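The whole structure should be built from the sequences, with the hints applied where relevant.
Line by line, the protein sequences give chains A and B. Going by the working numbering, the letters in the first sequence line up with residues 1 to 357, in that order. Going by the working numbering, the letters in the second sequence line up with residues 1 to 357, in that order.
Bear in mind the hints are in silico, worked out from the structure with no lab data behind them. Since this is a predicted model, take the numbers as computed values, not measurements. Ideal Cβ placement from N, Cα and C applies to all residues, glycine included. Some hints could be false.
As the list claims (entries may be wrong) - Here are the computed lysine-lysine pairs in the DSS-like style, where the Cα-Cα straight-line distance is at most 30 angstroms:
| hint | chain 1 | residue 1 | chain 2 | residue 2 |
| --- | --- | --- | --- | --- |
| 1 | A | K165 | B | K270 |
| 2 | B | K300 | A | K299 |
| 3 | A | K158 | B | K105 |
| 4 | B | K100 | A | K165 |
| 5 | A | K105 | A | K158 |
| 6 | A | K339 | B | K165 |
| 7 | A | K165 | B | K300 |
| 8 | A | K158 | A | K38 |
| 9 | B | K161 | A | K161 |
| 10 | A | K270 | B | K131 |
| 11 | B | K42 | B | K219 |
| 12 | A | K161 | B | K100 |
What the hints assert, rightly or not - Over 10 angstroms on every C-beta distance to chain B, these chain A residues come out as not near it, computed from the model:
| hint | residue |
| --- | --- |
| 13 | V18 |
| 14 | S19 |
| 15 | S214 |
| 16 | R332 |
To be verified - Reference excerpt, derived from the structure (chain B facing chain A, CB under 8 angstroms, subset only):
| hint | residue |
| --- | --- |
| 17 | T268 |
| 18 | K290 |
| 19 | H330 |
There are 2 protein chains.
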Amino acid sequence: MSELKNDLILRALRGEQVSRPPVWMMRQAGRYLPDYIKLREKYDFFTRVETPELACEITLQPVDQVGVDAAIIFSDILVIPQAMGLTVLLEEGKGPMLPKVVATKADVDALITTGVEERLSYVMRALALTKRELNGRVPLIGFAGAPWTLLCYMIEGKGSKTFDKAKQFCFTQPELANTMLQKITDITISYLKAQVNAGADLVQVFDSWSGMLSPADFKVFAQPYLVQIADAVSGHAPVILFPKGSWYSLGDLSDSSASGLGLDWSVTPKLARQMTKDGITLQGNFDPSKLLAPISQIKKEVTEMIDGFGTQRYIANLGHGILPNVPVDHARAFVDAVKEYEASARPSSKESVKLNE
Amino acid sequence: MSELKNDLILRALRGEQVSRPPVWMMRQAGRYLPDYIKLREKYDFFTRVETPELACEITLQPVDQVGVDAAIIFSDILVIPQAMGLTVLLEEGKGPMLPKVVATKADVDALITTGVEERLSYVMRALALTKRELNGRVPLIGFAGAPWTLLCYMIEGKGSKTFDKAKQFCFTQPELANTMLQKITDITISYLKAQVNAGADLVQVFDSWSGMLSPADFKVFAQPYLVQIADAVSGHAPVILFPKGSWYSLGDLSDSSASGLGLDWSVTPKLARQMTKDGITLQGNFDPSKLLAPISQIKKEVTEMIDGFGTQRYIANLGHGILPNVPVDHARAFVDAVKEYEASARPSSKESVKLNE
Chain A
1 MSELKNDLIL RALRGEQVSR PPVWMMRQAG RYLPDYIKLR EKYDFFTRVE
51 TPELACEITL QPVDQVGVDA AIIFSDILVI PQAMGLTVLL EEGKGPMLPK
101 VVATKADVDA LITTGVEERL SYVMRALALT KRELNGRVPL IGFAGAPWTL
151 LCYMIEGKGS KTFDKAKQFC FTQPELANTM LQKITDITIS YLKAQVNAGA
201 DLVQVFDSWS GMLSPADFKV FAQPYLVQIA DAVSGHAPVI LFPKGSWYSL
251 GDLSDSSASG LGLDWSVTPK LARQMTKDGI TLQGNFDPSK LLAPISQIKK
301 EVTEMIDGFG TQRYIANLGH GILPNVPVDH ARAFVDAVKE YEASARPSSK
351 ESVKLNE
Chain B
1 MSELKNDLIL RALRGEQVSR PPVWMMRQAG RYLPDYIKLR EKYDFFTRVE
51 TPELACEITL QPVDQVGVDA AIIFSDILVI PQAMGLTVLL EEGKGPMLPK
101 VVATKADVDA LITTGVEERL SYVMRALALT KRELNGRVPL IGFAGAPWTL
151 LCYMIEGKGS KTFDKAKQFC FTQPELANTM LQKITDITIS YLKAQVNAGA
201 DLVQVFDSWS GMLSPADFKV FAQPYLVQIA DAVSGHAPVI LFPKGSWYSL
251 GDLSDSSASG LGLDWSVTPK LARQMTKDGI TLQGNFDPSK LLAPISQIKK
301 EVTEMIDGFG TQRYIANLGH GILPNVPVDH ARAFVDAVKE YEASARPSSK
351 ESVKLNE
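What follows is the structure in structure tokens.
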């Protein structure tokens with residue numbers, strides 16, 4: 001790690017003193033960036049994901065153009081269902097589609113859990129290439145979807161407002177659901193370890209749909225698998241868990257081996273700190289839609305957000321992925337506002353003392 | 001009210017002693033009921049809404065067939081945008097569509113706020129007819145969409161995963177947004193009062209999309225209007241506010257003039273009671289997907305839910321609308337489980353004492 005010129009995010013995750021909070025944005029690679037949109041016109045989604053040179057180029061764009069403090073490898077959470085033997089289609093502008101879903105015990109039994117490093121070798125090659133191209137500028141983040149969220153797609157075959165088919169599967173066949181979630185957990189652990197071996201400095205686990213579960217069901221169908229992943233991977237690299245919508249789980253997850261917890265914008269900084277007993281690094285939680293507000297307002301609200309979380313054990317981020325319709329200069333304003341907070345928070349400045357209270 | 005044979009829900013809302021919790025289900029009229037589906041094949045959506053005899057028949061179906069303790073008038077929250085001058089289309093199986101949305105100050109200025117009683121006279125006639133047909137069996141619930149939720153549809157023109165167009169409108173033009181929200185509030189107050197005059201015994205305000213807002217933005221774009229509505233209507237009939245996803249607002253809203261607060265399933269009974277300082281009637285919060293579980297499990301979890309909330313100042317309900325694919329006998333099992341809790345909670349039964357602890 002000594003070769004990293006900017007290790008703010010790793011320091012924040014280890015609970016070490018930082019000069020200012022690190023900042024990155026979920027889905028920062030893609031969507032709203034004109035250079036990404038140009039690539040999208042030439043190559044389809046899985047070509048972009050599966051070609052290390054393209055994935056690397058896309059991963060670097062926000063580092064070069066927006067100035068974030070970490071790169072996150074351009075990929076997709078649905079590569080794991082693919083590695084497990086399912087077909088995933090992605091039509092541009094639409095959500096993913098799995099023509100054949102998991103429905104029966106035989107389907108669960110047929111899921112592959114081995115050989116992920118070979119099956120997803122293009123991800124490891126993209127990581128290695130990106131790590132080299134980054135040349136120590138900022139740390140590289142690897143990632144995976146959480147078992148519950150992947151189960152949702154593998155059962156439903158597409159996005160859903162309620163994911164009631166996935167829930168029905170779990171509620172009526174909890175043992176089979178457990179078998180499936182465990183299989184996804186096992187392969188995800190191998191996959192994240194392989195990502196670390198290939199060059200990822202830290203990893204994040206996205207539980208995008210965990211908020212669909214009640215607190216009691218979260219403890220059955222999401223939490224145990226998140227905890228297992230954190231336990232298995234945290235010896236290799238810091239792990240951030242992002243259970244979107246599951247603010248109720250913050251207390252429990254802060255006792256896990258994870259180094260950081262991602263937050264959506266439904267929870268105030270104060271409550272999040274209370275629930276986690278100031279014991280873990282928190283990441284988030286700017287409403288992505290707020291990047292559509294005027295730049296002056298973005299800067300004001302970023303300052304308020306950092307006031308709320310404090311500058312230590314904190315990673316500035318959005319509360320969910322950046323929206324495709326965000327102007328690039330608004331994204332940059334978000335990043336700049338975090339970086340400028342450092343200046344305004346210096347004890348020599350009168351105003352900063354107030355901001356830091 | 002003396003003519004009501006079953007006034008459990010009104011007693012619960014007034015904080016009076018009840019022999020058991022009342023129970024109803026959001027969206028109980030429609031969707032999953034075979035007799036409703038037959039009507040749907042004959043009459044389109046707005047014909048069903050605008051024909052008092054049909055609306056009445058649909059409203060009574062779950063009272064007769066599932067045994068709920070309250071009827072809720074069959075209607076739609078988008079009748080208010082219609083009354084304000086917008087066109088709303090509804091294609092069966094798809095969400096609503098507004099071909100012309102609100103985008104400019106001129107559009108906001110053009111919104112109509114008067115004459116709602118005449119414009120929506122079919123709702124009042126449906127209420128009066130249903131009240132007569134109910135003949136005191138159970139109370140009749142009127143309802144409206146909350147201003148924030150209606151603004152979402154009026155700006156976006158349809159449902160959305162993020163409602164970022166609506167949020168952009170509010171974040172970039174907060175004063176215009178306030179004007180629009182106030183206009184919706186004004187007409188909604190008139191509308192709810194008219195519903196009470198026509199026969200509604202209580203009313204519920206649905207803020208289906210309030211959970212899209214951060215706690216700070218909820219206080220700007222949702223809460224003031226919910227509070228105004230509760231203040232203006234609560235002298236006429238008890239008001240239940242349902243800010244879906246906005247668990248963070250429970251404390252503030254429990255200090256309003258509302259008689260009850262609706263809860264989705266992301267909050268535990270215990271935390272909801274804590275946040276509202278045991279000071280208001282709570283309604284909810286069964287995960288609608290759980291009605292797809294086996295009946296034995298539904299019954300077990302209903303019992304646990306009532307254990308959590310207690311039998312007083314509590315209205316058993318789902319945490320959101322019933323899903324179209326719920327078998328009728330599962331819906332009935334939910335209702336029966338609440339009614340049976342009464343029996344199992346009698347002091348003469350040993351087991352019941354434990355349940356009531």
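Each hint, compared with the structure:
| no. | hint | in the structure |
| --- | --- | --- |
| 1 | K165(A) <-> K270(B) | holds, 28 angstroms |
| 2 | K300(B) <-> K299(A) | violated, 50 angstroms |
| 3 | K158(A) <-> K105(B) | violated, 39 angstroms |
| 4 | K100(B) <-> K165(A) | violated, 34 angstroms |
| 5 | K105(A) <-> K158(A) | holds, 20 angstroms |
| 6 | K339(A) <-> K165(B) | holds, 28 angstroms |
| 7 | K165(A) <-> K300(B) | holds, 21 angstroms |
| 8 | K158(A) <-> K38(A) | holds, 26 angstroms |
| 9 | K161(B) <-> K161(A) | holds, 8 angstroms |
| 10 | K270(A) <-> K131(B) | violated, 48 angstroms |
| 11 | K42(B) <-> K219(B) | violated, 44 angstroms |
| 12 | K161(A) <-> K100(B) | holds, 25 angstroms |
| 13 | V18 | holds, 25 angstroms |
| 14 | S19 | holds, 28 angstroms |
| 15 | S214 | violated, 4 angstroms |
| 16 | R332 | holds, 18 angstroms |
| 17 | T268 | holds, 5 angstroms |
| 18 | K290 | holds, 6 angstroms |
| 19 | H330 | violated, 11 angstroms |
Hint check: violations occur at hints 2, 3, 4, 10, 11, 15, 19; the rest are consistent with the structure.
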